[in-house]
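Peer 1: Single-letter residue listing:
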Amino acid sequence: MLFWVLIALLTLIASLAVMWPFLRNEGHAAPGAEHDLAVYRDQLSELDRDARRGLIPEEDAAEARAEIGRRILRLKQAGISGTSAGVATKGKLVAAIAMTGVLAVPAVSWGFYALLGTPGLPALPLAARLTADPANASIDELIARMEAHLSANPDDARGWETLAPVYARLGRYADAAAAYRRTIELSGPTAEGQARLGEALVGESGGIVTADAEAAFEHALGLDPANPRARFFLAMARAQEGKPQEAGAIWQKMAAELPDGSAWKSAANQALAGLSVREGESAEPSEDELAAVERMDPEARQDMIEGMVACLDARLRENPDDVEGWRRLLRSYVVLGMTNEAEEALARARDALGPDSPDASALADFAVELGIGKGK
Amino acid sequence: MSVELGHFALVLALALALVQSVVPFAGARLGSLSLMRVGEPVAITGFALVAAAFAALTLAYVQSDFSVLNVWENSHSAKPLLFKVTGTWGNHEGSMLLWVLILALFGAMVAAFGRNLPPTLRANVLAVQGLIASAFLLFILLTSNPFIRLQPAPMEGRDLNPILQDVGLAVHPPLLYLGYVGFSISFSFAVAALIDGRVDAAWARWVRPWTLAAWAFLTGGIAMGSYWAYYELGWGGFWFWDPVENASFMPWLSGTALLHSAIVMEKRSALKIWTVLLAILTFSLSLLGTFLVRSGVLTSVHAFASDPTRGVFILAILVFFIGGALALFAIRAAALAPGGLFHPISREGALVLNNLLLTTAAATVLVGTLYPLVIEAFSGDKISVGEPFFNLTFVPLFLPLLVAVPFGPMLAWKRGDLLAAAQRLQIAFVAAVIAGLLAFFMIDREAGFAAVGIALALWLLLGALTDLAMKSGVGKVTPAAAWRRFTGLPMSIFGTFLAHAGLGMTVLGVVCVTALETERILIMEPGQSTDISGYTLRFDGLSPFTGPNYTEDQAAFTIFSGGVVVDEIISSKRLYTARGMPTTEAGIKTMGFSQLYVSIGDEAAGGGLVVRIWWKPLVTLIWLGALVMMAGGTVSLFDRRLRVGAPTRRRPARSGERTA
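These protein sequences, in sequence, are chains A and B.
Okay, so the first sequence: first residue is 1 according to this note's numbering, each after it adds one.
Okay, so the second sequence: first residue is 1001 according to this note's numbering, each after it adds one.
Read the hints as simulated data drawn from the structure, not as lab findings.
None of the values given here were measured: they were computed from a predicted structure.
We put the beta carbon where it would ideally sit given N, CA and C, even for glycine.
Take the hints with a grain of salt, since some may be wrong.
[As the list claims (entries may be wrong)] Beta-carbon label-pair distances, calculated as ranges:
no., chain 1, residue 1, chain 2, residue 2, range
1, B, T1530, A, A128, 39 to 49 Å
2, A, G91, B, G1323, 29 to 39 Å
3, A, A273, B, G1386, 56 to 66 Å
4, A, T131, B, L1082, 57 to 67 Å
5, A, S187, B, M1581, 48 to 58 Å
6, A, L23, B, G1323, 50 to 60 Å
7, A, A273, B, L1522, 53 to 63 Å
8, B, W1235, A, T131, 41 to 51 Å
9, B, M1581, A, Q245, 38 to 48 Å
10, A, K243, B, P1544, 32 to 42 Å
11, A, S266, B, L1373, 55 to 65 Å
Please put together the full structure from these sequences, using the hints given.
Peer 2: Encoded structure:
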């Protein structure tokens, strides 16, 4: 309500400003000529002053005086012809313009404000919001309160400990990591604290287990070798380093050891499932990877191809039902000139697929095309 | 409530600006004094309302009211109070509000102090001011409203760009805008004169102090911006020919020309049409600068706003005012009576030369600034017209101007004697040549540029001194009489002296830094030392430091001279946590007029730190010179003769002073 009174008052003041000259009722305009004359008189006295100080030689001063005199003369002649014409005040038109001006003030201002303003919304200074009743505060508000409290009492370890997981859940990983660090600083390292710090760091780097994060997990395992969080993420680090076997081993162990219903058990199982899927993908290099291979020097290239073939080989040992996979493996070995390995793989494939199966005979035909498997 | 009151005050200010642009103008047409007088209370009330809106926004920043979109986007509760306040104009919306606030301030000043102006002139001037204010208030309310609310309000803001979290933001934009917008008064006077079809005698006397004030502010603003970029951006340059810098430099050049042509007009009633045109051009360049910076057509450090609707809106404002004023000029200029005649070799002639060179220089800067934009618009290629272009075009135009500067004040009005002026300047000339030769043989034999530059700078400094000495009659009258005459000199003569000497100082600083600075880039381990220009710098090590809203690594250096510890320098790399943005904080030590500038880079692979060290001889003169120029403008402003109709103080003639 006060707001509406105040803006009405402001509008009134503004309208009064437009009306002001009419309330005072000024007389007629002094002709412009008088103002010009004042300036010229001023120039004359200034000239006299300069001449007296010796800034202008006397003859120059005389000339300048004459010029100003000429201007005054010209002005007076113009003034006689100009002022007598006069300007009749057109009373009605003036009143109409004045009235429009006065009315335009509320019309324009209230009109624009109705379009643009948010009259119902009070100002919300942060300090006032932080001291309001916490019962109906939002999560953001509670966090801000906690932050304000902690910036005033930075040694409140419990406060940091409470805030850190909240940050992590909201995806503010950098803040979460800082909060965990502070907790560790204040109340000493714990396995869970270190592991959570590591997790926050992983979140901050978009899921990559960085060296910092790995150090935190190692630290956690040093304090408690069974900490599942640290173990889980260290396995992930292995997987990201391209050591899926090591990662798989850790996860398998976790899945075996942890009790049913443990969140980490299902996480480990999921990771294992993901690992096998990913491995399947990585056996088949993408276009980009192949292009990269083209650019490598011959020795590195050979190494990489051999590594990839070995990978494929290992996968087919575990999952031998993949006919296409066997074909690729055979061709790869032949291209690499590793005929012994090719023969051996062909034998393994025949055993796995069943010696009399149509798949096996098709593979045998394929092998003949490649120039191997003639012995059998 | 305060936020919404501020919003309403701004809307009300628009209503008043519209009234101000129509009613006094109609009054001047109809010859109604009452209607003409409406402009004054309305201009003053309008200023009060814009000031109230600005105060409301500042309050929202200080109180971290994140229910205001603009505050949320550009502030953070952990920011120090000073940067909360300056953050008000450290963003597009707020800086436009500051722009309009200053415009309203100037309008209110014309209203308050313009009582002795002819009423029609005053009414027309206020109407044009009202029109400019209306256009920009509409721009703010429709495209860049700082009072848009956010509901529900976030608890924390996104922080201000760390580069702007500096004292420079407190000083640079307000000064710059006082300059830019100050030229709107000259523009309004010019348009008012064209509407009336006559230039009153009071015109030049009014235009000159306003131009002077705007020019002094703009000089300070540009210098402050240059120093800010110098220490904040961390690569030690003082001028980059960046389009944003050019945007402020162009109105300065044409404003300087306007200042000088206004003298001719005031004293001799000559160059009327030219002065009117310059007044229009100067403010047009200010508007162009506002457009370039505010529309986001440029992408550089300053361009912290980008939105095509804004660009189109400002472009429309630009076309309306510049096009309208020039069209009016084309129709009416012929009606303005030409003034007094003069000989080419005269004070007027010298000022015309000054005008020609300055406006041509402004034109080259304009070409260099707009050409890349035009190329980009038509072909999509991004090209950069950098220093080489300006060295080839701007510098050759500016050198003859600098040579001519000391002659100007020596020449008499109407017809002057070049030979006599040259004779009076011979001491300055000889001294400058000797200094140049000394510089050539002792400092820099290869370039020759330093020698010419130093000679030129001294020529300006000594030329300005000679003028002062001649006007006091040194050598012609007794020392006592000369002193009396010196103290009695009009303020504007001291103003001229300071402005010309300041120019000399700036030239000296620019030449010395450009030609003689030394630079070292190396990787330093803690404990390692390096020599630069007679000083030894020892890197003591890195240490972490936590500020209110940033963390930084501070590198400490100890400076030795001849084995003795002189001082220490701290240079740091800062990380502003809210935005995760790094900045470099250069370490600078001033020794006399020179500076040692240390900026640190990344840690090298081997564990050392990349360190860049510059020795910048006489670098501070660049900005001190600008401050002296600004002081010159201010001193000139206090010349009582600039006030129209001021009562004259009669003094008895002193016969002893009449010798000259």
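Peer 1: It remains to establish, for every hint, whether it holds in the given structure.
Peer 2: Here is how each hint holds up against the structure:
1. B:T1530 - A:A128: 39 to 49 Å: violated (54 Å)
2. A:G91 - B:G1323: 29 to 39 Å: At 36 Å between Cβs, range holds.
3. A:A273 - B:G1386: 56 to 66 Å: Holds, at about 58 Å.
4. A:T131 - B:L1082: 57 to 67 Å: Since the Cβ atoms of A:T131 and B:L1082 sit about 25 Å apart, the hinted range of 57 to 67 Å is violated.
5. A:S187 - B:M1581: 48 to 58 Å: Given range 48 to 58 Å: violated, Cβ gap about 32 Å.
6. A:L23 - B:G1323: 50 to 60 Å: Because 39 Å falls outside the window, the suggested range is violated.
7. A:A273 - B:L1522: 53 to 63 Å: Holds - the Cβ-Cβ distance for A:A273 and B:L1522, about 54 Å, lies within 53 to 63 Å.
8. B:W1235 - A:T131: 41 to 51 Å: holds (46 Å)
9. B:M1581 - A:Q245: 38 to 48 Å: About 42 Å separates the Cβ atoms of B:M1581 and A:Q245, which means 38 to 48 Å holds.
10. A:K243 - B:P1544: 32 to 42 Å: The hint (32 to 42 Å, Cβ to Cβ) holds, given that A:K243 and B:P1544 are roughly 35 Å apart.
11. A:S266 - B:L1373: 55 to 65 Å: 60 Å Cβ-Cβ, so the 55 to 65 Å window holds.
Against the hints set out earlier in the document, violations occur for numbers 1, 4, 5, 6.
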